[in-house]
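There are 2 protein chains.
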Amino acid sequence: MMKLRFMAVVVMLLSCTERHKSTAKGSENEYTVESVRASLIRQEDTIIFSVIERARFPLNSPTYHQHYASIPHFSGSLLDVVLDYTEAIQAKFLHTAASSINTNKNIRKVYFHEMLPLFVAFGDDGNYAQTAASDLSILQAISRRIHYGKFVAEAKFRESPRDYEPLIRAKDRKALLKLLTSKNVEEIVVKRVEKKAMVFGQEVSLDHDVKGNYKVDPAIVSRLYKKWIIPMTKNVELEYLLRRLD
Amino acid sequence: MMKLRFMAVVVMLLSCTERHKSTAKGSENEYTVESVRASLIRQEDTIIFSVIERARFPLNSPTYHQHYASIPHFSGSLLDVVLDYTEAIQAKFLHTAASSINTNKNIRKVYFHEMLPLFVAFGDDGNYAQTAASDLSILQAISRRIHYGKFVAEAKFRESPRDYEPLIRAKDRKALLKLLTSKNVEEIVVKRVEKKAMVFGQEVSLDHDVKGNYKVDPAIVSRLYKKWIIPMTKNVELEYLLRRLD
Numbered sequence: 045m046m047k048l049r050f051m052a053v054v055v056m057l058l059s060c061t062e063r064h065k066s067t068a069k070g071s072e073n074e075y076t077v078e079s080v081r082a083s084l085i086r087q088e089d090t091i092i093f094s095v096i097e098r099a100r101f102p103l104n105s106p107t108y109h110q111h112y113a114s115i116p117h118f119s120g121s122l123l124d125v126v127l128d129y130t131e132a133i134q135a136k137f138l139h140t141a142a143s144s145i146n147t148n149k150n151i152r153k154v155y156f157h158e159m160l161p162l163f164v165a166f167g168d169d170g171n172y173a174q175t176a177a178s179d180l181s182i183l184q185a186i187s188r189r190i191h192y193g194k195f196v197a198e199a200k201f202r203e204s205p206r207d208y209e210p211l212i213r214a215k216d217r218k219a220l221l222k223l224l225t226s227k228n229v230e231e232i233v234v235k236r237v238e239k240k241a242m243v244f245g246q247e248v249s250l251d252h253d254v255k256g257n258y259k260v261d262p263a264i265v266s267r268l269y270k271k272w273i274i275p276m277t278k279n280v281e282l283e284y285l286l287r288r289l290d
Numbered sequence: 045m046m047k048l049r050f051m052a053v054v055v056m057l058l059s060c061t062e063r064h065k066s067t068a069k070g071s072e073n074e075y076t077v078e079s080v081r082a083s084l085i086r087q088e089d090t091i092i093f094s095v096i097e098r099a100r101f102p103l104n105s106p107t108y109h110q111h112y113a114s115i116p117h118f119s120g121s122l123l124d125v126v127l128d129y130t131e132a133i134q135a136k137f138l139h140t141a142a143s144s145i146n147t148n149k150n151i152r153k154v155y156f157h158e159m160l161p162l163f164v165a166f167g168d169d170g171n172y173a174q175t176a177a178s179d180l181s182i183l184q185a186i187s188r189r190i191h192y193g194k195f196v197a198e199a200k201f202r203e204s205p206r207d208y209e210p211l212i213r214a215k216d217r218k219a220l221l222k223l224l225t226s227k228n229v230e231e232i233v234v235k236r237v238e239k240k241a242m243v244f245g246q247e248v249s250l251d252h253d254v255k256g257n258y259k260v261d262p263a264i265v266s267r268l269y270k271k272w273i274i275p276m277t278k279n280v281e282l283e284y285l286l287r288r289l290d
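Sequence order for the protein chains is A and B.
Note that the first sequence covers residues 45 to 290 in this note's numbering.
Note that the second sequence covers residues 45 to 290 in this note's numbering.
Do not rely on the hints blindly, as some may be mistaken.
No copy labels: a pair is met if it fits in one copy or bridges any two.
[Said to hold, decoys possible] Subject to a maximum C-alpha distance of 20 angstroms in a straight line, what follows is the list of computed EDC-like cross-link-like pairs (lysine to aspartate or glutamate):
#: 1; residue 1: 235; residue 2: 251
#: 2; residue 1: 222; residue 2: 168
#: 3; residue 1: 259; residue 2: 97
#: 4; residue 1: 239; residue 2: 97
#: 5; residue 1: 227; residue 2: 169
#: 6; residue 1: 259; residue 2: 158
#: 7; residue 1: 227; residue 2: 251
#: 8; residue 1: 239; residue 2: 251
#: 9; residue 1: 222; residue 2: 203
#: 10; residue 1: 215; residue 2: 231
#: 11; residue 1: 149; residue 2: 216
#: 12; residue 1: 149; residue 2: 203
#: 13; residue 1: 278; residue 2: 169
#: 14; residue 1: 215; residue 2: 290
#: 15; residue 1: 239; residue 2: 158
#: 16; residue 1: 271; residue 2: 247
#: 17; residue 1: 278; residue 2: 247
It is worth saying that the hints were derived from the structure and are not from the lab.
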């Protein structure tokens, strides 16, 4: 049992340190708006796959009970620790501004209270462990996406520092938010994730195509992006930029 | 750090014990050929999603070096321990025949030496941790599918015990294998997973449909099933049946 524990820990920790390597390789010269966006597009697939996998199970609320013996603090400290560990490593490869930005507590709260109830059925099938593992996958994917805002912001800043610098010095949050927002790009993202949810979440059968029968409602996926994932990413971008010249 | 380790272990262990609950709930009366097949069909999605996620990375062979410091024994004992722990729990909910059947060492060998090189590019991008985590996901999904052969065999046995009993008593492996094989069903599975790989692995874009550009070659996915996953599942079925009357 001790052996299993030790080995399982190794895998889990390594899973958290992945960004270290990839970030290290991509450091300095690769933070272009284009390369960062390409990564965000690929991350959409991971987020949508993980949401579809979680939707196999109903809410399974005992997973999150504070006193459910097998998963102590699952909805709280466990997730924060794992997610924060990830962010701490990621932040090391950016301007020092990055290290002070961490919105995981907020992501966790929004995920459990607002997002999750939208795409799982109410009920309990006893699969608490798989449920916890699936939640963790989604949270890691979403947290990664939102904190990727630091790279997005760095890329945007490098593209046009003269536009950003005066606004940063003036701490003009409103003008900064406007400058870093591209309504057109946002609309494309929202539409694309809806299409991806349609494609990846359809029931695939040989005899007949079951159109309109999705494992997760595609409109919900686009709502997750529109209402939370995009705004929270932009908030990370904003916070990063405000500290960029410190 | 100790806290993180402890908590990460909890998630990992729970992830392994999931089948305990689901199997307990489905015990006794739900092992019909139809219900077992429905589970296998849903498991296809999980396997294909995980293969697509793994294919994001090249082979990354240092992940598997015996002396790669961060992942000791990853290609060997680590995986066996995690996977075997899963199977030990699963087997508890079946006829005693189940507990003696475990083909994880073989699955691991086939996976790394034959399956994996078919769907990843040769190369090294440094993402060893994500690579290890992805391999573990696929191995868990494939191991679950193959050892599900115990449930498949139990369901088939219950459906027509009079056909199976004399062959089991005679230890007639050849006739048993013939009896539990449905060529028609196998062909449907192979075609369906190919179609699923086409659907789930396509590049989804708003402007244009990129047909024929798949993240994993669909023909490879059907080959994984035809050449290894289906035969190995049938072998588990056969071994289970041979012990069914002990």
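Hints the structure violates: just list their numbers, smallest first.
-> Going through the list in order, the structure violates hints 2, 5, 10, 11, 12, 13, 15, 16, 17 and respects the others.
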